[in-house]
Amino acid sequence: DQQVKQNSPSLSVQEGRISILNCDYTNSMFDYFLWYKKYPAEGPTFLISISSIKDKNEDGRFTVFLNKSAKHLSLHIVPSQPGDSAVYFCAASEGETSGSRLTFGEGTQLTVNP
Amino acid sequence: DVKVTQSSRYLVKRTGEKVFLECVQDMDHENMFWYRQDPGLGLRLIYFSYDVKMKEKGDIPEGYSVSREKKERFSLILESASTNQTSMYLCASSLWGAPSGRRDTQYFGPGTRLTVL
Chain A
266 DQQVKQNSPS
276 LSVQEGRISI
286 LNCDYTNSMF
296 DYFLWYKKYP
306 AEGPTFLISI
316 SSIKDKNEDG
326 RFTVFLNKSA
336 KHLSLHIVPS
346 QPGDSAVYFC
356 AASEGETSGS
366 RLTFGEGTQL
376 TVNP
Chain B
349 DVKVTQSSRY
359 LVKRTGEKVF
369 LECVQDMDHE
379 NMFWYRQDPG
389 LGLRLIYFSY
399 DVKMKEKGDI
409 PEGYSVSREK
419 KERFSLILES
429 ASTNQTSMYL
439 CASSLWGAPS
449 GRRDTQYFGP
459 GTRLTVL
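Chains as they are written, first to last, in this note's numbering: chain A, 266 to 379; chain B, 349 to 465.
What the hints contain is simulated information worked out from the structure, not anything from laboratory work. This structure is a prediction, so every number in the text was calculated from the model and none was measured. Do not take every clue at face value.
[Unchecked claim] Computed cross-link-like contacts, DSS-like style, restricted to lysine-lysine with a CA-CA straight-line distance of at most 30 angstroms:
| no. | chain 1 | residue 1 | chain 2 | residue 2 |
| --- | --- | --- | --- | --- |
| 1 | A | K333 | A | K302 |
| 2 | A | K336 | A | K270 |
| 3 | A | K333 | A | K321 |
| 4 | B | K351 | B | K405 |
| 5 | B | K405 | A | K333 |
| 6 | B | K401 | B | K366 |
| 7 | A | K336 | A | K321 |
| 8 | B | K401 | B | K418 |
| 9 | B | K405 | A | K270 |
| 10 | A | K336 | B | K405 |
| 11 | A | K302 | B | K351 |
| 12 | A | K302 | A | K336 |
| 13 | B | K361 | B | K405 |
| 14 | B | K401 | B | K361 |
| 15 | B | K351 | B | K418 |
| 16 | B | K419 | B | K401 |
| 17 | A | K302 | B | K405 |
| 18 | A | K333 | A | K270 |
| 19 | B | K361 | B | K419 |
| 20 | B | K351 | B | K401 |
| 21 | A | K333 | B | K419 |
| 22 | A | K319 | A | K302 |
| 23 | B | K419 | A | K302 |
| 24 | B | K403 | A | K270 |
The following block holds chain B by itself, in its conformation from the complex (with noise of 0.2 angstroms):
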């Protein structure tokens, strides 16, 4: 089974602070994703990276930045939090050249609900 593992739950940072979320996938794949999940708004791409040191910019990259040192690893960087970044931010990883009928599946992490005060 895939994991996707995601360093908080729960995250209550104040206004301007520099915040870092973790995520952590065990299945080797290539493909790693941050998305917000915001009421009405549904779950829109922040970054995605396709390999190691590699980033693309998805819908809304303003405010966030992110690493990608290790293939299992890819880290999410608010440089100066404000308050409407509060969100529940999800983890998302996929594998590149996944059989037939599975692809672009991506395995989500738990989530981590961020609060900015």
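Chain A extracted, bound-state conformation (with noise of 0.2 angstroms):
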């Protein structure tokens, strides 16, 4: 039972243009979102996140959306750079409880050519 989906494995844009990600949850529960980004060898690392109480939060190039109704948030990030070509990973969590776990997406591997 994937809980946290991402239905695109893959995604390739051009230098400059907008990469948009994309996440689809199950659980209503789920209350706090998080977008991380893994280079090859190396861990996972925390890029943005939203509360269910806002639509939208905005971090330099990175924004990220949440529709509540639709069960689905986005990472945008514009421009894209050949740098941010890793992959994401949407993570989602439950209840007020800080530090409890993360359920993970199967992540999108972002392709950004020069």
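Two chains, two frames, a set of hints: combine them into the complex.
In structure tokens form, the structure reads like this:
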């Protein structure tokens, strides 16, 4: 039972254009969402997060959008750079308890071409 | 900066061997986690721990056990390694009671690529 799904295993974009990575979830109890980036042979690193009380959170070139009614979130990267090429994981958690377990999606491999 | 270290980057073991994967974090985090990452399956939680000597099963605990004798150290044990346990193993830690806006952020180690022959 995959509660967090990233339906696109890969995405390829040109440098300077927008990258849009999508994520869907089924558990309505999820109330906090995170995106992680992972380079080969390294652990994932935290990128950006959003609470369910918001519908948008922005940090520099990265913006996360949350549509609770559709149980969908997306990560926008503008402008995309070759160094953004990595696997991106969407993750979700439920409840007020800090440090609670995360449920991850399958990941999307983003390739930004120069 | 949070630092999570894992004892080995690459490990090759034989079927039936007992395997220990060690993880150490230096930020006094209460929570520690073990995941495995496989292509097309993302990160799957094996075990986690909220405190010393405390452990909880994740989504795929079968064939694994854990030990947390000290706050900074969380060990994953494969009692009898099998070929289907060939994977990338990732350890993570997080702070209990993180400030608002950083809740549930987990910090990961570099991973251990385990091959079981």
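Verification of the hints:
1. A/K333 - A/K302: 23 angstroms, holds
2. A/K336 - A/K270: 11 angstroms, holds
3. A/K333 - A/K321: Distance of about 11 angstroms is within 30 angstroms: holds.
4. B/K351 - B/K405: Holds, because 24 angstroms separates the two Cα atoms, which is no more than 30 angstroms.
5. B/K405 - A/K333: It holds: about 29 angstroms lies between the C-alpha atoms, which stays within 30 angstroms.
6. B/K401 - B/K366: 21 angstroms, holds
7. A/K336 - A/K321: 14 angstroms, holds
8. B/K401 - B/K418: With a Cα-Cα distance of about 8 angstroms, the restraint between B/K401 and B/K418 holds, given a limit of 30 angstroms.
9. B/K405 - A/K270: 22 angstroms, holds
10. A/K336 - B/K405: 27 angstroms, holds
11. A/K302 - B/K351: 17 angstroms, holds
12. A/K302 - A/K336: The given pair, whose Cα atoms are some 21 angstroms apart, holds under the 30 angstroms limit.
13. B/K361 - B/K405: Holds, at about 24 angstroms.
14. B/K401 - B/K361: Within the cut-off at roughly 27 angstroms; holds.
15. B/K351 - B/K418: Distance of about 16 angstroms is within 30 angstroms: holds.
16. B/K419 - B/K401: 9 angstroms, holds
17. A/K302 - B/K405: 25 angstroms, holds
18. A/K333 - A/K270: 15 angstroms, holds
19. B/K361 - B/K419: 28 angstroms, holds
20. B/K351 - B/K401: 22 angstroms, holds
21. A/K333 - B/K419: Not satisfied, since the Cα-Cα distance of roughly 37 angstroms exceeds 30 angstroms.
22. A/K319 - A/K302: Cα-Cα ~22 angstroms, so holds.
23. B/K419 - A/K302: 27 angstroms, holds
24. B/K403 - A/K270: Cα-Cα ~27 angstroms, so holds.
Violated hint: 21 only; the structure is consistent with all others.
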